[in-house]
Amino acid sequence: GGIITQTPKFLIGQEGQKLTLKCQQNFNHDTMYWYRQDSGKGLRLIYYSITENDLQKGDLSEGYDASREKKSSFSLTVTSAQKNEMAVFLCASSNRGLYEQYFGPGTRLTVL
Amino acid sequence: QQQVRQSPQSLTVWEGETAILNCSYEDSTFNYFPWYQQFPGEGPALLISISSVSDKKEDGRFTIFFNKREKKLSLHITDSQPGDSATYFCAASGNNNAPRFGAGTKLTVKP
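Heads up: the sequence lines are chains A and B, in that order.
1387 is the number that this note's numbering gives to position 78 of the first sequence; each next residue is one higher, with no gaps.
415 is the number that this note's numbering gives to position 64 of the second sequence; each next residue is one higher, with no gaps.
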């Protein structure tokens, strides 16, 4: 078995601030993902990385940057946090070519 | 543009009843459809999945019915238990595209 760790668990930032969320997985999976979950809107894909040196934009990439530092880690940066922005950011991983994803517990973002 | 749609948004059933959760999609290249279960404060966890070559997948009390022609699928939970109360997400993927998710169905099972 494996685990996905997301840090921090809670993140509070100021409007306009750059904020970074981190994700680590020990499944040895090739592919990693970042999703944003808003209440009532399901999961929306922000960025994903098929392999270690790859980066693909999702449907909601505007306002975010991502970085795949190594196979086991994938970070997401909110480039300029928006006031009243509240969401849960979920990291996931899967084997390349397979779509069974394993999710972390999420990072809850609040912007004041 | 919502590529994957789920209904109903919320569903309440009594313990022992069958809960039916619906999902539809638009992209005909989607060929893999997992369902995830999410409890409050946790990330989604894979519950059951089906590929487009099958029309039914069963795992215990959970069954997926898939209609490729109509681009629809449904998750049936038989003998529903209070512990099944959670939000269920339908997802779709294919052609090396990352999975897209529906908005979810919040299921409540009353004892």
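Hints listed in this document are in silico derivations from the structure and should not be mistaken for laboratory results.
All values derive from a computational prediction rather than experimental measurement.
It cannot be assumed that every hint is accurate.
[What the hints assert, rightly or not] 30 Å max Cα-Cα, derived DSS-like pairs, lysine-lysine:
| # | chain 1 | residue 1 | chain 2 | residue 2 |
| --- | --- | --- | --- | --- |
| 1 | B | Lys457 | A | Lys1392 |
| 2 | B | Lys419 | A | Lys1366 |
| 3 | A | Lys1350 | B | Lys457 |
| 4 | B | Lys422 | A | Lys1350 |
| 5 | A | Lys1318 | B | Lys457 |
| 6 | A | Lys1350 | B | Lys407 |
| 7 | A | Lys1392 | B | Lys408 |
| 8 | A | Lys1366 | B | Lys423 |
| 9 | A | Lys1318 | B | Lys407 |
| 10 | A | Lys1350 | B | Lys408 |
[Stated by the list, open to error] Over the 12 Å line for every Cβ pair with chain B, so calculated as not near, a few chain A residues:
| # | residue |
| --- | --- |
| 11 | Leu1328 |
| 12 | Thr1329 |
| 13 | Thr1340 |
| 14 | Gln1346 |
| 15 | Ser1348 |
| 16 | Gly1351 |
| 17 | Lys1380 |
| 18 | Ser1384 |
| 19 | Glu1409 |
| 20 | Gln1410 |
| 21 | Leu1418 |
We treat Cβ as the ideally placed atom computed from N, Cα and C, and that holds for glycine.
Review point. Which hints, by number, does the structure contradict?
Key: Violated hints: 7, 9, 13, 14, 15, 16, 19, 20; rest satisfied.
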